[in-house]
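*Asks:* Here is how the chains run, residue by residue.
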Amino acid sequence: KAGVTQTPRYLIKTRGQQVTLSCSPISGHRSVSWYQQTPGQGLQFLFEYFSETQRNKGNFPGRFSGRQFSNSRSEMNVSTLELGDSALYLCASSLGDRTDTQYFGPGTRLTVL
Amino acid sequence: AQSVTQLDSQVPVFEEAPVELRCNYSSSVSVYLFWYVQYPNQGLQLLLKYLSGSTLVESINGFEAEFNKSQTSFHLRKPSVHISDTAEYFCAVSSAGTSGSRLTFGEGTQLTVNP
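One line per chain: the protein sequences are A and B, in this order.
For the first sequence, the residue numbers in the numbering used here are -18 to 94.
For the second sequence, the residue numbers in the numbering used here are 970 to 1084.
Bound-form chain A, shown alone:
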């Protein structure tokens, strides 16, 4: 079974631009969660999508948004990029229950200049 894939793996943007990251979950998984990982803040939950609906949301500004398609693939968008948005963005897929194992992708490394 193929694992979680994320594209692109690396991205360089400048302040003020916007960016879209993509995540393809494990086949059969209906939940996709996004996390931001930085040296200063650690791993922080952004949001979770389940069956095309946002089910949970973390404490991030509205510049961070996402969506999920009918095939469970998910995209995350960040508008008006700031230097502090530089981070590793991880997505994780699962069957959807809070006891289920979340399987993480390798991440997208975003650098904002």
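No lab work stands behind these hints, which were simulated from the structure alone.
Some chain B residues near chain A, calculated using beta-carbon distances under 8 Å:
no.	residue
1	1011
2	1020
3	1059
4	1063
5	1069
6	1070
7	1071
8	1076
Values in this document were obtained by computation on a predicted structure and should not be read as measured data.
Glycine included, C-beta positions come from ideal geometry on N, C-alpha and C.
With chain A held as given, fit chain B onto it using these hints.
*Replies:* Below, chain B without anything else, positioned relative to chain A:
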């Protein structure tokens, strides 16, 4: 709301020595507990999890963790470490009080195994 504290940011040990990585959590409701490992330039992989039942849980590569409700802890142990265990380890919780898949992570512990 819940929180997770990993008491050591870095743990250096020698090969074949025992190791304990400490994790404490805070929550007003029941939680499920997880340990994940992250190797350089990779995503996170589940090591083990506690949902219910026996308070001692084991992984296939020799790690174990014990859930202690009275001390709100979930420490990770291995009796003899290998060089290949060098990685960052994250303790995480999900709340029984909320629906969906949302993990709250600790700050991480960098385990470095030296020859």
